[in-house]
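> Listed in order, the protein sequences are those of chains A and B.
Under my numbering, the first residue of the first sequence carries the number 1, and numbering increases by one thereafter.
Under my numbering, the first residue of the second sequence carries the number 1, and numbering increases by one thereafter.
Hint data in this document are derived by calculation from the structure and do not stem from the laboratory.
This one's a predicted model, so the numbers in the text were calculated from it and none came from an experiment.
Any given hint could turn out to be false.
[To be verified] Straight-line C-alpha distance at most 27 Å; calculated BS3-like pairs for lysine-lysine:
1) B:K174 with A:K52
2) B:K232 with A:K52
3) A:K247 with A:K174
4) A:K160 with B:K192
5) B:K52 with A:K247
6) A:K160 with B:K174
7) A:K160 with B:K52
[Stated by the list, open to error] Partial selection, computed: residues in chain B whose CB lies under 8 Å from chain A:
8) A38
9) R45
10) T49
11) A59
12) G104
13) I139
14) N141
15) L145
16) H148
17) I161
18) L245
19) K247
Glycine included, every Cβ here is placed at the ideal spot set by N, Cα and C.
Protein chains: 2
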Amino acid sequence: MNNDAIGVFDSGIGGLTAVKELNQLLPNENIIYFGDTARVPYGSRSRETVMKYAQEDIAFLRQHKIKMIIAACGTVSSVVGTGKPVKDMPFTGVILPAAKAACGATRNKKIGVIGTPATIRSGSYAKAIKAIDPKIQVIGNPCPLLVHLVENGYTQRDNKITILAAEEYLAPIKAEGVDTLILGCTHYPVIKDIIGDIMGEGVKLISSGAEAARYAYNCLLEQDMFSDREEKGSNTFYVSDSTELFKENAKSFLGHTVEGDVFSCSLGD
Amino acid sequence: MNNDAIGVFDSGIGGLTAVKELNQLLPNENIIYFGDTARVPYGSRSRETVMKYAQEDIAFLRQHKIKMIIAACGTVSSVVGTGKPVKDMPFTGVILPAAKAACGATRNKKIGVIGTPATIRSGSYAKAIKAIDPKIQVIGNPCPLLVHLVENGYTQRDNKITILAAEEYLAPIKAEGVDTLILGCTHYPVIKDIIGDIMGEGVKLISSGAEAARYAYNCLLEQDMFSDREEKGSNTFYVSDSTELFKENAKSFLGHTVEGDVFSCSLGD
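Construct the complete structure from the given sequences, taking the supplied hints into account.
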């Protein structure tokens, strides 16, 4: 039993997909979230810069009483790879959980992956999938614009610009006849209707943020680290840019107002 | 006479539009450029964060022998406003130079302005134009996606996504019948063909980066601060993210390979 919080971080608001899932699976747990909104997006930056930012994000979360860390960011998870940036408590990125879920879901052994340029360049999903089943074919495509479209609210199902961009990114994946698609950036579930419309009903969409939350659930279960709190747990959010901008964006992201305190913080102070 | 370099900074690669113009106007001057590519874009961040970043960028340039600073970034220039973040040497942003050029160009006294959300929110262009001629009508519209489209190479004249986004952003400005349009973010000249196609031949486009360079020329001329160097001046570029990514992006931005050394640096070190 452990009543410390679960620490979650992301480059921005995408990691809220993991928080949403955690709140449903583990309603009595406290969550501490850090969104590096002053430096989002990570996905178009170099490996070295992403690694430096991730270390600073982890150091920030460590200032609080936490029992586990979730890197709810596809780019960070890809750059970290199979490395363990945290050794004294459970840690997970989104790659392995999403890869496992996709391998379990595919029947024709063809999995598509969409993510930021840094994520796709790293080949992280393909490596994780091949390690589980070398016979599975993985078709990845970088989608540099999607994170910006989501961050800027271009998320309505009939948004022409987002549909056009998504069609372009998904065409080569669809052409290969995949039956499973990993949404390898935690921003993408917000536009899953658009992605689903393009891919068609037969294709199973895997949300990497939600899978990471399920993985964290199992991890805490196995290690007997659930909280014994009987009341509802709290969500506390820290962001490196303005709290107002975060609340505004998070609202359109979650579909409802943020529940929990939101504080602004400055890394490196 | 002064042989120190001209310092130019931007959130990323947009400021290269000013460097390009400076190289043409003042071929014998040395240029020191800083692009904060690890933290681009500035335009969707809060006022406080943009100001903090701008101060760090200026402090970085001051580590070199410079005689003038150009903030070749619409967002920084807007947040600085009429303030003087540098007092011991000439300083200019892009707002006043672009506003002056637009006021000189308009005949029907209707000027359009496109920029990042932070730039448009600040009302900086409208204030600068009204101070010159209160009768001029200013129609501004924020274009959150354009900087990302340019940074990611969606710049071909027939790019459907960029055309669709630009049409959406320009529609309310075009409807007002402006005869002059300020490209209030230094990234936009890269897609000026697309913007020009939409606005039509009768509308004069003002490049804020190029106008800032012309303003700097006049400023150095008036203060007798030109270099007496007879050979060609050098360009030296510093970026906060990878030099490779910068070279790649700058190439598509400039239309040719970057001429000059490119170094990576870390702010705050």
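> Now tell me if each hint is right for this structure.
Now the hints, each set against the structure:
Taking the CA atoms of K174 of chain B and K52 of chain A, the gap is about 44 Å. The hint is violated against a cut of 27 Å. In summary, the hint linking K232 of chain B to K52 of chain A is not supported, as the alpha carbons are separated by about 38 Å, beyond the 27 Å threshold. Among the hinted pairs, K247 of chain A with K174 of chain A is inconsistent with the structure: their alpha-carbon atoms are about 35 Å apart, more than 27 Å. For the hint pairing K160 of chain A with K192 of chain B, the CA-to-CA distance comes to about 22 Å; that is within 27 Å, so the pair holds.
A C-alpha spacing of about 21 Å is found between K52 of chain B and K247 of chain A, which places the hinted pair at or below 27 Å, so the restraint holds. Taking the CA atoms of K160 of chain A and K174 of chain B, the gap is about 20 Å. The hint holds against a cut of 27 Å. Between K160 of chain A and K52 of chain B the CA atoms are separated by roughly 36 Å; this puts the pair beyond 27 Å, and the hint is violated. Given hint, A38 of chain B at the interface with chain A, holds; its Cβ is 5 Å from that chain's nearest Cβ, closer than 8 Å.
For the restraint placing R45 of chain B at the interface with chain A, the shortest Cβ-Cβ distance is roughly 5 Å, inside the 8 Å limit, so the hint holds. Checking T49 of chain B against chain A by beta carbon gives a least distance of about 5 Å; that is within 8 Å, so the hint holds. Of the supplied interface hints, the one on A59 of chain B is violated, with its beta-carbon coming no nearer than about 14 Å to a beta-carbon of chain A, more than 8 Å. For G104 of chain B, the suggested interface contact is broken, since its CB lies about 33 Å from the closest CB of chain A, more than 8 Å.
The restraint placing I139 of chain B at the interface with chain A is violated, with a minimum CB-CB distance near 21 Å, outside the 8 Å limit. Because the closest C-beta pair between N141 of chain B and chain A is about 14 Å apart, greater than 8 Å, the hint is violated. For L145 of chain B, the shortest C-beta to C-beta distance to chain A is roughly 6 Å, which falls under 8 Å, so the interface hint holds. Taken as an interface hint, H148 of chain B checks out: its beta carbon lies about 4 Å from the nearest beta carbon of chain A, inside 8 Å.
With a least beta-carbon distance of about 5 Å to chain A, the hint placing I161 of chain B at the interface is held under the 8 Å criterion. At its closest, the beta carbon of L245 of chain B sits 6 Å from a beta carbon of chain A; the interface hint therefore holds under the 8 Å criterion. Evaluation of the K247 of chain B hint against chain A yields a violated restraint, the C-beta minimum of about 12 Å exceeding 8 Å.
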